[in-house]
Every structure is written in structure tokens, then in C-alpha cells.
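From first to last, the protein sequence lines stand for chains E and A.
Converting from the first sequence to the working numbering requires adding 199 to each position, the first position being numbered 1.
Converting from the second sequence to the working numbering requires adding 199 to each position, the first position being numbered 1.
Hints are supplied without guarantee of correctness; some may be wrong.
A pair counts as met if it fits within one copy or between any two copies, since identical chains are not told apart.
Restricting the straight-line Cα-Cα distance to at most 27 Å, the calculated cross-link-like pairs of lysine-lysine (DSSO-like) are [what the hints assert, rightly or not]:
hint, residue 1, residue 2
1, Lys458, Lys572
2, Lys542, Lys219
3, Lys542, Lys244
4, Lys406, Lys525
5, Lys223, Lys542
6, Lys525, Lys266
7, Lys458, Lys472
8, Lys219, Lys532
9, Lys219, Lys472
10, Lys472, Lys572
11, Lys318, Lys458
12, Lys468, Lys532
13, Lys406, Lys542
14, Lys525, Lys219
15, Lys244, Lys525
16, Lys253, Lys266
17, Lys244, Lys532
No lab work stands behind these hints: they were computed from the structure.
2 protein chains.
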Amino acid sequence: MRDWISLNMTPQIGPRAATKLLEKFGSAENVFHARRGELESLRIKPESIESILKREFHDQAEEELNKVREISGDVLVLDDGGYPYLLREIADPPITLYVKGDWQSCFDAPCVAVVGSRKCSTYGENASEMLARDLAANGICIVSGLARGIDTAAHRGAIAAKGKTIAVLGTGIDQVYPKENARLVNSILESGGAIVSQFPLGTPPLKDNFPYRNRIISGLSLGILLVEASERSGSLITARLAMEQNREVLAVPGNITSKNSFGTNYLIKSGAKLVQQWQDVVSELSPEIAAAILPPKITGKAEKAAEQTESVPASLTENERNVWRKLSADEAKQIDVLLEESKLSFGDLSAALLGLEMRELVRTLPGSNYARKV
Amino acid sequence: MRDWISLNMTPQIGPRAATKLLEKFGSAENVFHARRGELESLRIKPESIESILKREFHDQAEEELNKVREISGDVLVLDDGGYPYLLREIADPPITLYVKGDWQSCFDAPCVAVVGSRKCSTYGENASEMLARDLAANGICIVSGLARGIDTAAHRGAIAAKGKTIAVLGTGIDQVYPKENARLVNSILESGGAIVSQFPLGTPPLKDNFPYRNRIISGLSLGILLVEASERSGSLITARLAMEQNREVLAVPGNITSKNSFGTNYLIKSGAKLVQQWQDVVSELSPEIAAAILPPKITGKAEKAAEQTESVPASLTENERNVWRKLSADEAKQIDVLLEESKLSFGDLSAALLGLEMRELVRTLPGSNYARKV
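Turn these sequences into a full structure, and let the hints steer you where they fit.
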């Protein structure tokens, strides 16, 4: 443990260099038994080599761990059972993870990142809070970066739903940045959430640390939802990293006249899934998770029963009910036949089919054929 | 000609029944030589059969054509050379097309439909006018339905760009619906546009006629752009028809909190192309049309020259210029190498790559490799 913490504290040793060292030497302990020549052959910076050779941070690491535990935190290291498995999967995972709060149950929940611009519109803030709230209410843990704007709204939304949320920091876990979010950090911890950072205690908000934070945000998450991002927003970088990490990338659309939605609309154009409501996020996660969270679809059996009693789904218009009754799940019907059977005009029939399709009750097959969806 | 017009005027003979008749008898003329038994075997409505057998509308058809010409219109029939070839392609094309204005040059231009809700937001109206204006300014003929809201804004946008626009009517071409658009019709005609309808003169705005109008809107067009549509908007039906007609379906996204954008966002979620600007529409049309309208991409040769003189595309940030210089079109570079060569931080490098990618100057290859786009 002490070896991992010291290695993480070593100057110029980021996740990439650490991975190189671990690949070569197998463990943090072995790194500190390496010879100068071996370290030099890995193109490790001279400054880092000196630090490793004289075990510069070994005493400090002991102290660091004590301090972390004093503030009720903990440190997870890469070969630890508690280290989140999704994060371990990414290229160059952080070798230590400082954690605080109910991190274990947060990591056990299906995690989704909700992120976006610091400078956001009221729309973005509302959309972030609303989607995070609905996702959290349905058992999703909301991961975000504690930044102003979309991130803050996402954490707030999860808390409002009495759900779990993880704040990944670009500073040490004993720091709060921006300072105005000190109360938010407390609320996160009080509501069973967690705060997480790869950086040693006392690390200030250095600009260069935030991309590392972003890798953890997406690394912890099954999918990443970008709520609002302008053309040059940093959160677009998070989305790019998420793609490289094979995470689902989702985005909230917005008016094309809003600069704040340029990046999200662009992402959707490039293949990110468009999100209108929380279900759109869940349905993109693994089939097991989606099935566990989303209401069960009508089974073939229930369907048959519904057919027999002529019971139709609630909240349909009269025309939709009419058309729904004419359809079955077993055999598709041509639009001509439906036109004749329903006695509806072409316009009304089309509208009814569309309404049914939007409620995911009907599916369209090639050649204007329609069947019930099961 | 007279036979086609009479057939089109026959009660209960819509495009579907007309197609059945033409498939059986080969021409409008032959339909009027059919025997009762032959007509009955096609399940043509009795009312229509009587009308056909007694050639009920033959005299009126002559008169109709005269009247059309008096108002400087014309009638195109299905086997006419002037009949638009894209419309002829659809299932059950209208057998006659009443036209007025500079229809020939409109049909010759690449046509794109711009449609949406009658009840729209200011955002939708602005987006419609802006996109139609930009498309029309670039040689696209804007097809729409003369309805209130999005349609009206689309026609106006085309006129503002001194471009071409076709209004497809659900009434006869001697009628205007809604009445408040009478001046708009004049402006369309004055600016080299056209009005088009499949319905005989004097046909009032019957509810059931509008789906037929919608089929012509998409039938005339290479692609259809839906600007704003609520959950139950009729223009979603037009989009569905367009898909069945194998047209490109495109949509403008909007805030998920706006009911007016529910339908367009839903369409994008279901696979329609998201449109942020007019170029997004053109790039979905055939490669020939896109190439003719969009500015030429840098060729390999020009690229090489640019590389030699180190001339970089305009309007890049300093970091973007830095990274661009390090990249080539011939060989991809790993992000590690770029990190070292550019001396940028990971965050700045990612931002620069993203900026270049958004300007379509760089492409990302698997495994965080980057190359110039040619």
C-alpha cells in the first residue's frame, strides 16, 4: 500500500508512466527495487528516477494514509479488490484512488456520467438536474466532476432523488474546487454518495489535472451523457475519451441557435445517442441492466391475454385503440388492409400508427406492414 | 390528356386506385374503354365504375384544361416528359399534376422539402427560415406545403434568398389555403417558384386531401427536413412517408423541454440525420449534388503544397496550428507521439485535436491515432 501511494506521489509519474513501470516490474513494491539502468531504459524522467531510487516519498506515504483515514477516507490501489473493475479496464488506469463516503455501494451500482459545460444555459442546468434526478431515482449512480454548471446540476439532481452520486475531483479529496461547492460535497456524502480522486492530499486545482479527472469520470461509468457543450468545451474531450474507452456516449440535443448545444448536437450528428428522457440512457446500457431497471415489456403470454379480453394499453386515442385492436403480434398487416378494416382515412390511420409506434406498441416492417410489438 | 384529367376527376379514384387501373389497362384512354366486369374485378368502387363507364367527366375535363391555361397553369400527366421523375418513382404517384409558375426549372433543381408543425415556436420559425434561405441560396429548391408556421417560414426563407420554392397544395391551384398566404403565393410565383397540386380546380381544403399533398412534398424531394414537430404532428407522417419513399430524412434538434421539438428529436433518435446547418442537408444528398454545391475538399496535391509551405487552414488556434503541423495525411500518429512532439499538455492536445476534427481537418483512427483529412 505504502509503495503504491509513494509511486503515485512521485513527480512526473502519471498513469501512463506508472503503467509502463508496472508492466515491467509487476508491482509497486518491485518498482522500488529496480536498478537505475532498468528505469532509464523505460524512458522515465530523470527526476522520477532519482525519487524512486531514494524512496523519497516512503515516509510521507505512511503519513498520507493516516491523514486520509483521519478524514474518514481511504486509498484503493490498482491490485485491491475494492478498486472499481470498470476503471481498471481503461488504458493506463490511475494506480491509486483516494475515496471518501459510501464509495463501495456507489461503485457497485450501475454508474452513468452526466457532464457538460461550466458555462451553461438555464436549459442545460434544468436538463442536467432533471435527467440526473430521474436516473438516480431509478438506481443509477450519477458520476460527475463537481464543476460549476452542468456537473453541479447533475449532483444536485441525484441528491434531490435521494440517489447516489460520485464527484470525481481534479484536486486532493481534502480540497474543494470550486470552493462554493463545499456544501454540495457535504450533501453528496450525507446522501450516501462518494468523492474520488487520483491525486494526493493537498493537490490544488491544477489545469493539467482535469483531463486525468475526466478519464476517471468516464472510466467509472458504463455510459456518459453530455448535457450541454459549446464548440470548444472540455466536456467534449471527456466524450472523446469515453469513446476511446468503449463507453456508451449519449447527448442531450438543443436548439441549433444555442452555442451551448453546438457540441452536443455535433456529437449526435457524429453518432452519439440522442437522449430525450432518462429511459433513453438506460436502454443503451447492457441488456441486463436495462431489463432490471426498465418496466418489463408485455410478454407473449400477457399479450395473448390482453388480446382475448380486448384490453388495450391506457392513454390511447380512439383511433389508436381502433388500429391496435386490428393488429397482432403474430402476423403483420399491410396498410391497405388496415385502411379497409379500420375505416379510417389515410391521414388518421397514419397518425394512429405513428402514435402507437411512439409508444413502442407497434413496429413497422418493410413494405408498409405493421405488427404489435412484444 | 383529357382522359387523364377525367380519370383524376372521377370520384373515389385516388392515386392507389388509379395505379391499379393503369397497371391493368396500360393508359388512361384504355381505362375508359374497359368493360364493367373488368372494372368490377379490380374492386373499384361502384360509384367510380358508373362514372368511368358513362365518361362522366370528359366534357368537364376539356373545360378544366382551358381554365387551367387561362390562369397560366398547366396539367402534367403521368406519361408526360415534364412530369417530375422523382415523383414518378413513388408508389402510386398522382396521375395528374396541376402546375403554375416556373415549374420546369424548379423540378430541374435539386429539391429538398422543409416542413414542420403549423403551431411552432419562434425558434422553429427562425430555424426554418434560416435553413431554407441558406439552402435556396446554394441552388436547392425548397419544397413545402404552404401551411402556417414552419412551411410558411420555409417558403419565405427561399424567397429571401431569391431562390426557388415549390408550394404543394392540398387544394386546387386556383385556391389558397390558408387565405392569409395569398400574398406569399404571389411572391413564390414572382421569384421563379411554382405551385403544384394533384387536385382538380376548385378543390377546397378537405382534411383527407392533406396526406396526399404530403406524399407529393416528399415525392418531389431528394430529402425531407423536419424543422419542428410535436408528438402528434402531421409532419411526422410526412417524414414516415418520406422514409417509405426512400428519401433522406433529416431533422432539426431542439430543447428536450420543448414540446415542439419532441417529434424531431424522436426522429433523430430513430435514425434521421441531425441538421445544425444547411451543409448537413446537402452532404446527405447524392455525392454528385453534394460535390457540386459544397466547397471542394483539399485535394492530395494541394495538401502536399500546403504542407511544404507550412500554410495552415485559417482561423485555427495556436495549439491547433501546432498540432496540425505535426500531422500528415499519409501516416497516422499516435497520441503519445503527438503529446511529445507538440509539447502540449494532455488537455490542450485533446482540445486541439477536437477543434481540428470539428473543422473536418483531422480524422481519428482506432487506438488514438490521428491523421490529416484529405
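Hint-by-hint comparison with the structure:
1. Proximity of Lys458 and Lys572 under a CA criterion of 27 Å is satisfied inter-copy only: 25 Å between copies versus 39 Å inside one chain copy.
2. For a Cα distance limit of 27 Å, the shortest separation of Lys542 from Lys219 across copies, 20 Å, qualifies, whereas the shortest one inside one copy, 71 Å, does not.
3. For the homomeric pair Lys542 and Lys244, the shortest alpha-carbon distance between copies (15 Å) is at most 27 Å, but the shortest distance inside one copy (79 Å) is not.
4. In this assembly of identical chains, Lys406 and Lys525 lie within 27 Å of each other by CA distance solely across copies; the values are 24 Å between and 62 Å within a copy.
5. Taking the closest pair of Cα atoms, Lys223 and Lys542 come within 27 Å of each other only across two copies (26 Å); inside a single copy the shortest separation is 75 Å, beyond that limit.
6. In this assembly of identical chains, the alpha carbons of Lys525 and Lys266 never lie at most 27 Å apart, being 70 Å within a copy and 45 Å across copies at closest.
7. In this homomeric assembly, Lys458 and Lys472 come within 27 Å of each other (Cα to Cα) both inside a single copy, at 20 Å, and across copies, at 20 Å.
8. For a Cα distance limit of 27 Å, the shortest separation of Lys219 from Lys532 across copies, 20 Å, qualifies, whereas the shortest one inside one copy, 61 Å, does not.
9. Neither within a single protomer nor between protomers do Lys219 and Lys472 lie at most 27 Å apart by alpha-carbon distance, with minima of 35 Å and 42 Å respectively.
10. Taking the shortest alpha-carbon separations for Lys472 and Lys572, both the intra-copy value of 22 Å and the inter-copy value of 25 Å come in at or below 27 Å.
11. In this homomeric assembly, Lys318 and Lys458 come within 27 Å of each other (Cα to Cα) both inside a single copy, at 11 Å, and across copies, at 25 Å.
12. In the homo-oligomer, the alpha carbons of Lys468 and Lys532 lie at most 27 Å apart only across protomers (25 Å), although the nearest pairing inside one protomer, at 34 Å, exceeds that limit.
13. Proximity of Lys406 and Lys542 under a CA criterion of 27 Å is satisfied inter-copy only: 15 Å between copies versus 66 Å inside one chain copy.
14. Taking the shortest Cα distances, Lys525 and Lys219 sit within 27 Å of each other only across copies (25 Å), while inside one copy they are farther apart (64 Å).
15. In this homomeric assembly, Lys244 and Lys525 come within 27 Å of each other (Cα to Cα) only across copies, at 23 Å, whereas the closest approach inside a single copy is 73 Å.
16. For the homomeric pair Lys253 and Lys266, the shortest alpha-carbon distance inside one copy (23 Å) is at most 27 Å, but the shortest distance between copies (101 Å) is not.
17. With identical chains, the CA atoms of Lys244 and Lys532 are at most 27 Å apart between copies only, with a shortest distance of 22 Å across copies and 70 Å within one.
Of the numbered hints stated above, those contradicted by the structure are hints 6 and 9, listed in ascending order.
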